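**Q** Residues per chain, in single letters:
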Amino acid sequence: MSVQDELKTVPPAKLLIEGVSKSFVTRSGTVCALDHISLQINEGDFVCLVGPSGCGKSTLLNIIAGLEIPDEGRTLMDGKPVTQPGRDRMVMFQEPALFPWLDVLGNVLFGLRLKPNLNDKERREVARFYLRLVGLEDFAHSNIHELSGGMKQRAALARSLAPNPRVLLMDEPFAALDALTREQLYGDIQRIWAERAKTIVFVTHNVREAACLGNRVILFSPHPGRVREEFHIDLPHPRDINSVELAKHASRITRALRGYVDAPETELGAE
Amino acid sequence: MKRLLSSAVFFAALLLAWHCLALAKIWSPVLLPDPLSVWDYFRSAALDGTLLDATLVTLRRLLSGYGIALLLGIPVGMLTARFRFMEDTAGVLALGLQTLPSVCWVPLALVWFGQTEGAMLFVVVMGSLWSVIISTDNGIRNVPPIFARAARTMGAKQFYTWTRVILPASAPFVVSGMKQGWAFAWRSLMAAEIFVTILTGFGLGQLLDFGRNLHAMDQVIAVMFVIVLIGLLVDKILFSPIEHFLHRRWGTGRA
Numbered sequence: 001m002s003v004q005d006e007l008k009t010v011p012p013a014k015l016l017i018e019g020v021s022k023s024f025v026t027r028s029g030t031v032c033a034l035d036h037i038s039l040q041i042n043e044g045d046f047v048c049l050v051g052p053s054g055c056g057k058s059t060l061l062n063i064i065a066g067l068e069i070p071d072e073g074r075t076l077m078d079g080k081p082v083t084q085p086g087r088d089r090m091v092m093f094q095e096p097a098l099f100p101w102l103d104v105l106g107n108v109l110f111g112l113r114l115k116p117n118l119n120d121k122e123r124r125e126v127a128r129f130y131l132r133l134v135g136l137e138d139f140a141h142s143n144i145h146e147l148s149g150g151m152k153q154r155a156a157l158a159r160s161l162a163p164n165p166r167v168l169l170m171d172e173p174f175a176a177l178d179a180l181t182r183e184q185l186y187g188d189i190q191r192i193w194a195e196r197a198k199t200i201v202f203v204t205h206n207v208r209e210a211a212c213l214g215n216r217v218i219l220f221s222p223h224p225g226r227v228r229e230e231f232h233i234d235l236p237h238p239r240d241i242n243s244v245e246l247a248k249h250a251s252r253i254t255r256a257l258r259g260y261v262d263a264p265e266t267e268l269g270a271e
Numbered sequence: 001m002k003r004l005l006s007s008a009v010f011f012a013a014l015l016l017a018w019h020c021l022a023l024a025k026i027w028s029p030v031l032l033p034d035p036l037s038v039w040d041y042f043r044s045a046a047l048d049g050t051l052l053d054a055t056l057v058t059l060r061r062l063l064s065g066y067g068i069a070l071l072l073g074i075p076v077g078m079l080t081a082r083f084r085f086m087e088d089t090a091g092v093l094a095l096g097l098q099t100l101p102s103v104c105w106v107p108l109a110l111v112w113f114g115q116t117e118g119a120m121l122f123v124v125v126m127g128s129l130w131s132v133i134i135s136t137d138n139g140i141r142n143v144p145p146i147f148a149r150a151a152r153t154m155g156a157k158q159f160y161t162w163t164r165v166i167l168p169a170s171a172p173f174v175v176s177g178m179k180q181g182w183a184f185a186w187r188s189l190m191a192a193e194i195f196v197t198i199l200t201g202f203g204l205g206q207l208l209d210f211g212r213n214l215h216a217m218d219q220v221i222a223v224m225f226v227i228v229l230i231g232l233l234v235d236k237i238l239f240s241p242i243e244h245f246l247h248r249r250w251g252t253g254r255a
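Protein sequence lines correspond, in order, to chains A and B. The first sequence begins at 1 in my numbering and counts up by one. The second sequence begins at 1 in my numbering and counts up by one.
Keep in mind the hints are simulated off the structure, nothing from the lab. Please read these numbers as outputs of a predicted model, since none were measured by experiment. Take these hints with a grain of salt, some might be off.
Straight-line alpha carbon distances no greater than 20 Å define the calculated DMTMM-like cross-link-like pairs of lysine to aspartate or glutamate that follow [unchecked claim]:
(1) B:Lys157 / A:Glu68
(2) B:Lys157 / A:Asp188
(3) A:Lys121 / A:Asp138
Computed, partial: chain B to chain A, Cβ under 10 Å [stated by the list, open to error]:
(4) Ala151
(5) Arg164
(6) Ala169
(7) Leu246
(8) Arg248
Glycine included, every Cβ here is placed at the ideal spot set by N, Cα and C.
Please construct the entire structure, taking both the sequences and the accompanying hints into account.
**A** Structure follows, in structure tokens:
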């Protein structure tokens, strides 16, 4: 509720991306992954960055995370330039990146141990709270390899949420999961976004997924990576990926995307 | 149970074959003693403390040499994995010297240190150090980079990332390197003890060599059994629990 209220008033810019460019040197030459991208992401936004592979959307996410430094331009978080990773911006990767030498609880505690002003008991309480939130409270002492793909991503989500970041950066986190698991997680992430009042930047190449989750869908085109168009999806959350309303939005975005790139349909994830 | 039984039958048959061969007297009993006389030697040497003393001397040398190899090898392996300069220098040195059989260090050790404990220590360290360096290096290179990235996003700095992420992540490799290093240390110490006769301690290798000089093959074979036994015990007591834990956590192999 508080998120919806906040969205009605004009919120201050949370993330400001100003003229960011980034190139990579590969064997076949220099690839311009991002070409002067400017973007404003507000408090409580659920922004989906959509585009075919090679459009630099993951690079942009890494720059916001502070894992990569742009060649040009800068990123501001609450007016302060981003120079390195920080607990206010947690990242969730496509692979869960959970640590196999720790159990599930140990993984969630990892980020919390680096957070000052908490004693051990409080850390455990916080970790358990987030395990409950993602529905893994009974698996606190499971080993990572014992979890299914969906449970692993849930554990990774709990680990990212535990230090209570204000911004959650998600890089195709559900791409490797089967459709049913994915649909459950769509529900979970929408619920958590609303309950915990997060700002989420979500990278995907699946248009339908973007339309289901985001209140803003930003379209990228590749070579060089540019922002092409922005769509506002004003359907109420939580949304069902299979709803007809949503399909309309998705096909509108897919049409626009086809106009910018001649990528095969499968790659656009128009399933 | 069935597997235990087949092992037991196999070794009983082996002992029996040995016993029959000795009874047949194809070779002189000096060359091929009966298993019973080996057992007799073993019992008397165990009772009068000879074996225990020799084992303690050997283990003391082994643990100090192996300890030094670990203390040097793990940090150096971390450095060669991290810095190109260290990889091109210490890394190449380790790769080269690892191919050298450890007994080849004995002549040098004798000239440098004389017949002293130092010579023993030197051979053991040289025997095991290089493989510890190489497998630590290898383990660290095999850590998925995403682990370090994930740790960075959670606010981990360089030192924390190394101690809490990269080292534990490379544990399966490091432990197998430690195990290999142990095997090399054990082999090189036996070589050193057979070749370097010193008066400051009488180890198992020397007991073995002493048996050869006396033409007491029952002694030689009994000491060989003790050496095998110690190798097995160390594996079961020291490495098995660690490996079992790693297998369970990582979900690899058996268990």
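**Q** Does the interface hint hold: is B:Arg164 within less than 10 Å of chain A, judged Cβ to Cβ?
**A** Hint holds; B:Arg164 Cβ to chain A Cβ min 8 Å, cut 10 Å.
**Q** Against chain A, is B:Arg248 within 10 Å by beta-carbon distance?
**A** 7 Å, holds
**Q** For the hint on B:Ala169, just tell me whether its beta-carbon gets within less than 10 Å of chain A.
**A** Interface hint status for B:Ala169: holds (7 Å vs cutoff 10 Å).
**Q** Report holds or violated for the interface hint on B:Leu246, using the least CB-CB distance to chain A and a cut-off of 10 Å.
**A** Holds. Min distance 8 Å.
**Q** Hint validation: B:Ala151 versus chain A, beta carbon distance must be below 10 Å. Holds or violated?
**A** With a closest approach of 8 Å, the B:Ala151 hint holds.
**Q** Is B:Lys157 within 20 Å of A:Asp188, Cα to Cα?
**A** 31 Å, violated
**Q** Does A:Lys121 pair with A:Asp138 here, judged by a C-alpha cut-off of 20 Å?
**A** It holds: about 19 Å lies between the C-alpha atoms, which stays within 20 Å.
**Q** Do the alpha carbons of B:Lys157 and A:Glu68 lie within 20 Å of each other, as the hint requires?
**A** 16 Å, holds
Of the numbered hints given earlier, the model fails hint 2 alone.
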